[in-house]
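Student: Read off the chains here:
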Amino acid sequence: MDEIQKKKQATSTHKLGVYLWIWGLLFVLSFFSYLVDWFQFQGLLRHSLILIFMFLKAGLIMAFFMHLYWERYALVSVLLWPMTAVVGFIVLMAAEAKYTVFTRLLYFFIGG
Amino acid sequence: MSDNSLNNLPGGFKGMSHDMGSDQTAFKGAQWGKVMMWIFLLSDTFIFSCFLISYMKGRTSTVVDWPNTSEVFSLHVGGVPVPLLLIAIMTFVLITSSGTMALAVKYGYERNRKMCGWLILATAIGGLTFVGMQVFEWSKLIHEGVRPWENPFGAKQFGSFFFMITGFHGTHVSIGVIFLFIYARKVFRGDFDNAKRGFFTTMKSDYVAIEILGLYWHFVDLVWVFIFAFFYLW
Amino acid sequence: MSDEYNQKNTPLEAQSSETMTDISGTTSKDIDYVRPAELPEQDLYHGHSFITKWVFCQDAKVIGVQYFLTAVFTGIVGLVLSWLMRLQLGYPDLVPFITAEHYYQFVTMHGMIMVVYFLTALFLGGFGNYLIPLMVGARDMVFPYVNMVSFWMFFIAVCVLMASFFVPGGPTGAGWTLYPPQAILPGTPGSNMGIILMLASLSLFVIGFTMGGLNYIITILQARTRGMTLMRMPLTIWGIFTATALAMLAFPALLVSCIMMTLDKMLETSFFMPAIIQAGEVLDYGGGSPVLFQHLFWFFGHPEVYIVALPAFGIVSDLISVHARKNIFGYRMMVWAIVGIGGLSFFVWAHHMYVSGMNPWFGFFFATTTLIIAVPTALKVYNWIITLFRANIRMNTVMLFCLGFIVTFVNGGITGIFLGNVAVDIPLSDTYFVIAHFHMVMGVAPLMVIMGAVYHWFPLVTGRMLSEKLGKWHFWFTFLGAYSIYFPMHYLGFIGVPRRYFEMYDSPYVASATGMNEFITVAALIVGFAQFIFIYNIVTSLSIGKPAGKNPWKANSLEWLTPEVPPAHGNWGEKLPVIHRWPYDFNVPGAKEDYITQTTPPSEVMSAEVEKT
Ligand code: HEM
Ligand SMILES: [Cu+2]
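Chains as they are written, first to last, in numbering that gives the first Met the number 0: chain E, 0 to 111; chain B, 0 to 233; chain G, 0 to 612.
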């Protein structure tokens, strides 16, 4: 192995332990989100727990398995900023869904 | 992946403005192929987001009851229904394969050909198992009378969204599995050590390709995290 | 690039033209210093046979021309369809085969072809492919093979689209917005094979475009030449770049709505389909939401408008600057305006849905965001005008088209502000006022830019100039003609003439509309035929046009500075160019000539007071 390659090896890979830790955490988090269903939590508690575990898992996968944590901010921000468009879409569609169900209930059952 | 000459650059937000203001490349040290995969995944994220947003809108605004997923997807073990058992196993398998893939990337960069190849194969097998279980799940639901156009347990849209979203995700997994097998072969053959030229593109092979493949595979896992949360658990 | 990132300890320092710190940390006296290359030379595939050189070609320039020609071909189909519609509107029943069904099909195909297969493909596929590598100083796109596949996907998409003219039932007649439920129900023309082929073709287009789009984005971000910072790129590249980014994020919504509608049609799912009784019979559908489709469609549809407009903004800025011999006023402002418009365009989509029955609060939200977009847009218009102010304007064909663009764009932009307000839009929506608005803003205005751009870059692509005399005729016919078509349509809209109507029946306003409709039809035919002047000009100039030589317009940007004109495969011969400045150094005080090219090192123009870029 020549000099350049050795250098490359030293900098471009990460310790095995990091991966194993993340791996383990992912299993634990998945187990927790399964428990949410197992205990039949309902309502706000259920939804917020689901979301928390989901974002934690997604974050771990992106940050470590996909190496985003080690990437330079230029790439990270170019990838994450467009998500605001998705967030906007989600918020507006949530409002729209409420309105749709409102009109349906009004016209189908109450009679408009 | 980072690289020696990058260590001389400012990091964090300062580094970001430095990189964006510099000439030649905006993402210092990121290979073309890797950036391409990232941007593609960004676009694919929008696809899945649109699917999931449509699904959530459909589910929230239906006036017919949405089926209780915890019951619909339960399996009977010794006569007792265990909620979401199959889905839990599928999640387990997919996360396992994601882990092996992450290690394959690591060993690839360390030029550990054997390790890298076997780990990719393991990933591919995990993917295959996942697809197999999905086939099982589909046939179980179809057996119970769920169709894209109808659903004995409640709102029609349940069947439609289920088959469409898991089908689209399953297609991603299957494509990934095919590429995993192809790349496993390439690794074992030593294409990446000898910079062999690709058959179609005529470009030189490099271990970066494994990281790119890995990005795709982790993305498939990532999407499953969201589907698991919104479709099965919600 | 297949090799790893250059290891040779390259100093990755910020680039500025005055002081440079080199590796050893001492300040270099050399004002021409540009830091060394980060990337190794690009590995290119060189075609040898006719097929690999001209058909399945990996050279972005050839792919650009292929895209251009295919898009123009579909554009001509769209043009012919518009004639047929106009004939029917101006002289009802003159052409017997234009029935109501055919009229709907023509409207639909015309709209879809013009927006997606003509303008989008032309700007991004055509101009993008040709200009991006040249303007940023790359040898080719970063993934030439993928780029080639991208074109052929587009080609197949066009074939599928054209095939729908020949299937039983003909092409779909649902309107280019393809709204369900009617798009897939019997009673709408082409509701079987027609709509399925349309959806398939759109999906193919999206897939093909994604391949191309990845190339454009990554070439711009990662394959620029030495000295080319983002803020030294021509605005053309900024426009194309932002438009491509929008496309990568907006087309997914189109793809998803296409998939869901295909399933609704073929598997009778009910994503978009509510319970429906048709001719006394209850259909199997139920529980779906047609408004959901509209949201998905316009989440794509509005950014799509900017996908067409932003490259036009960028290109026109460059054309104005070159032909007015003056730097573009407020370059940085222009860049941020482009990026800002791009970002905002994802938050305005439901202004197309004011009358759709969506959540009533949305009207307020979307009207606000829509009007906010007017700010950066107006900024750009001011900057174009200030650039022209007291400039050394060359009144050639290119400049005429640029001026034509500004006028039509301002016109369309102002009517846009009308339509952005809910209360004003409600009476105007689905009338000819809307038709006039969007034809001005995204039909005629971008077309003006395309034509100007063809006059501008034709010498680069072919080595010969187009005839100025024919060009001026072409301009005046097109500009005055287009105004005669669309200006009266505003009035038609005010009196309430609805869009997508095959005839006006016995409505009271018919009397005042008839003469005007005839006039518009005549104008449309004249404008259409005037385009043959253009085609004639292109075809004859290919062989008898004045040889252009190098850099005929005395422009600064890189595409004119290749060692060979027209540029050869690999663009730059032996050595890649090195950039020292932005492309807008025109009429710099103290300089010998009225332009300083991007590759001119500072030491050669010591006395010139150039902008620091
Ligand atoms: C000489 C050029 C053109 C003429 C004479 C023309 C004429 C027309 C006519 C008569 C209609 C149908 C109006 C109706 O019945 O509702 C129409 C619709 C439309 N046109 Fe054009 N057009 C031209 C160029 C363009 C261009 C360049 C674009 C590109 C943006 C375009 C985009 C559209 C769209 C999107 C529609 C709406 C289709 C629909 O309602 O589904 N047109 N045009
Ligand atoms: Cu809009």
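To be clear, the hints were calculated from the coordinates, so they are not data collected in a lab.
Some hints could be false.
Stated by the list, open to error - With a straight-line Cα cutoff of 30 Å, these simulated DSSO-like cross-link-like pairs (lysine-lysine) come out:
| hint | chain 1 | residue 1 | chain 2 | residue 2 |
| --- | --- | --- | --- | --- |
| 1 | G | Lys611 | B | Lys13 |
| 2 | B | Lys203 | G | Lys591 |
| 3 | B | Lys203 | G | Lys574 |
| 4 | G | Lys591 | G | Lys574 |
| 5 | G | Lys264 | B | Lys139 |
| 6 | E | Lys14 | B | Lys139 |
| 7 | B | Lys203 | E | Lys97 |
| 8 | G | Lys549 | G | Lys611 |
| 9 | E | Lys97 | B | Lys185 |
| 10 | B | Lys195 | G | Lys52 |
| 11 | B | Lys13 | E | Lys97 |
| 12 | G | Lys264 | E | Lys97 |
| 13 | B | Lys195 | E | Lys97 |
| 14 | G | Lys574 | B | Lys195 |
Student: Compare the structure with each hint and give your call.
Tutor: Verification of the hints:
no.: 1; hint: Lys611/G - Lys13/B; result: holds (22 Å)
no.: 2; hint: Lys203/B - Lys591/G; result: violated (47 Å)
no.: 3; hint: Lys203/B - Lys574/G; result: holds (22 Å)
no.: 4; hint: Lys591/G - Lys574/G; result: holds (27 Å)
no.: 5; hint: Lys264/G - Lys139/B; result: holds (25 Å)
no.: 6; hint: Lys14/E - Lys139/B; result: violated (42 Å)
no.: 7; hint: Lys203/B - Lys97/E; result: violated (54 Å)
no.: 8; hint: Lys549/G - Lys611/G; result: holds (27 Å)
no.: 9; hint: Lys97/E - Lys185/B; result: violated (52 Å)
no.: 10; hint: Lys195/B - Lys52/G; result: holds (24 Å)
no.: 11; hint: Lys13/B - Lys97/E; result: violated (43 Å)
no.: 12; hint: Lys264/G - Lys97/E; result: holds (27 Å)
no.: 13; hint: Lys195/B - Lys97/E; result: violated (57 Å)
no.: 14; hint: Lys574/G - Lys195/B; result: holds (26 Å)
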